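Engineer: Sequence:
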Amino acid sequence: MLDKHRLWHWRMTSLLKWIALADRFGMHTALTPRREWALLLTLAGVQFTHVLDFMIMMPLGPQLTALFGITDAQFGLLVSGYTFAAGVSGLLAASFIDRFERKRLLLTLYLLFALTTLACALAPSYAWLMSARVSAGVFGGILSALSQTIIGDVIPFERRGRATGLVMMSFSLATVVGVPSGLFLANHAGWHSSFVAIAMACVAVGALATWSLPRIDRHVAHAKGQSTLFALRGVWADPNHRRALAMSSSMMFAAFTVIPYITIYMQANRVLLPSEIPFIYLCGGLVTLVSARWIGGLTDRVGKREMFQRMLLLSIVPMTLTTLMQPLPLPWVLLVSSALFFCMNGRMIPGMALLTSAAQPSFRGAFMSLNGAVQSMSIGVATWVGGLLIQRDAQGQVSHYFLCAMVGAVATLLAYGLSKRVQMHTQAPAPQPT
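Counted the way the numbering used here counts, the sequence shown spans residues -3 to 430.
Certain hints may be false.
[Stated by the list, open to error] Across the chosen pairs, the derived CB separations fall in these ranges:
{"no.": "1", "residue 1": "G299", "residue 2": "W207", "range": "29 to 37 Å"}
{"no.": "2", "residue 1": "V313", "residue 2": "N236", "range": "26 to 34 Å"}
{"no.": "3", "residue 1": "P325", "residue 2": "Q59", "range": "19 to 27 Å"}
[Unchecked claim] Cut-off 20 Å, straight-line C-alpha distance, at most; resulting in silico cross-link-like pairs (EDC-like, lysine to aspartate or glutamate):
{"no.": "4", "residue 1": "K99", "residue 2": "E32"}
{"no.": "5", "residue 1": "K416", "residue 2": "D296"}
{"no.": "6", "residue 1": "K416", "residue 2": "E302"}
{"no.": "7", "residue 1": "K416", "residue 2": "D234"}
Calculated from the structure, these hints are not laboratory results. In this text, all values refer to a predicted model and were calculated from it rather than measured experimentally. Cβ coordinates follow ideal geometry from the N, Cα and C atoms, glycine included.
Please model the entire structure based on the sequences and the hints provided.
Structural biologist: Right under this line is the structure:
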């Protein structure tokens, strides 16, 4: 009996020592399927609020240009200012993001993002709104990269396409639910109310994140004791990282020469009535919402690179047709705009899965932060270029929009060529806590 007691005591002591050692070095058991599902839903919620905060500006373009008496180019600065700020913050975050435990960092940034979004709602002038948008972009850009980093840390390679597809459904929900709802609030309670609603959604998602996110800190030991620029140098020194970042930049640049000006073009050229604009986002969002998980599964079966390349080439068609649209019956206009949303989302899912897998695991946080910076900068430059290319004629209609599609097509082909040279790391992620 005494021997059994000693054996039991020895086993318990060994187990406690192992748990202490595991917690010290970030070694944990794998997530249960239920906890993994909750984690992905949380990340989708974070992405939803971040994407909606960015997207809601574009359909508000006609209202804001009239309210503040600004030009199309100045409105483009409201959009690009957000993304430029996200790019700069992402670049800075690449030097420190792997020094902090993921959960604590995400919760802190998310709180600050919610506060700056609320500041947008209180903006009384163009200058104030621009300042608030820049501040929101600072935190939103890092959040997007951090969400993708957590997927790479936790989800195995063979399921990463599906996981990315689930989180990327937030883009679809932002268009099918968020943007039409935001426009409804803006039309009935003022444009400020849209940002108030986003800030309130952040509170709910933040509460869910507090429960569902695991402690993820294995990467901290690798970064400990290194210089501030260690991670940036480590990312940039890898030629595969540089190719992946160039591919990512081209992909985003191609889309945002066209997307920010869809509403302005459709209204100014009388393709759609102001009351019909929400249908673009409703139908486009529904298409991407339905197709997101299917594209994610197809990405894992067909291959991340192959699926990405197919969707790149396909996206050139609706992108070009959108810029040539003339007054037509509503169903035909929605067919083209929904095809554009489908293709853009169809590029992003395999594209982000490819990018996440291209990163060296020890530098994944820094790489994804730098990627977020590159994407944000590309969106800002593309929006600025698009604003310079389009013109207004004597009747106030938008002209030269077709040039935006041509520039986007060239960037798309560049992304296609770069994707052929990006290599992927397929090893399993480090286990994380339940």
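Engineer: All hints, please: hold or fail.
Structural biologist: Cross-check of the supplied hints:
1. A hinted range of 29 to 37 Å holds for the C-beta pair G299 and W207, which are about 35 Å apart.
2. At about 30 Å, the CB distance of V313 to N236 agrees with the hint of 26 to 34 Å.
3. For P325 paired with Q59, a C-beta distance near 26 Å keeps the hint of 19 to 27 Å intact.
4. Restraint check: the Cα-Cα separation between K99 and E32 comes to about 14 Å, which is no more than 20 Å; the hinted pair holds.
5. This hinted pair checks out: K416 and D296 have alpha carbons roughly 17 Å apart, not beyond 20 Å.
6. Taking the CA atoms of K416 and E302, the gap is about 9 Å. The hint holds against a cut of 20 Å.
7. Under the criterion of a C-alpha separation no larger than 20 Å, the hint pairing K416 with D234 is consistent with the structure, at around 16 Å.
Of the hints listed earlier, there is not a single one the structure fails to meet.
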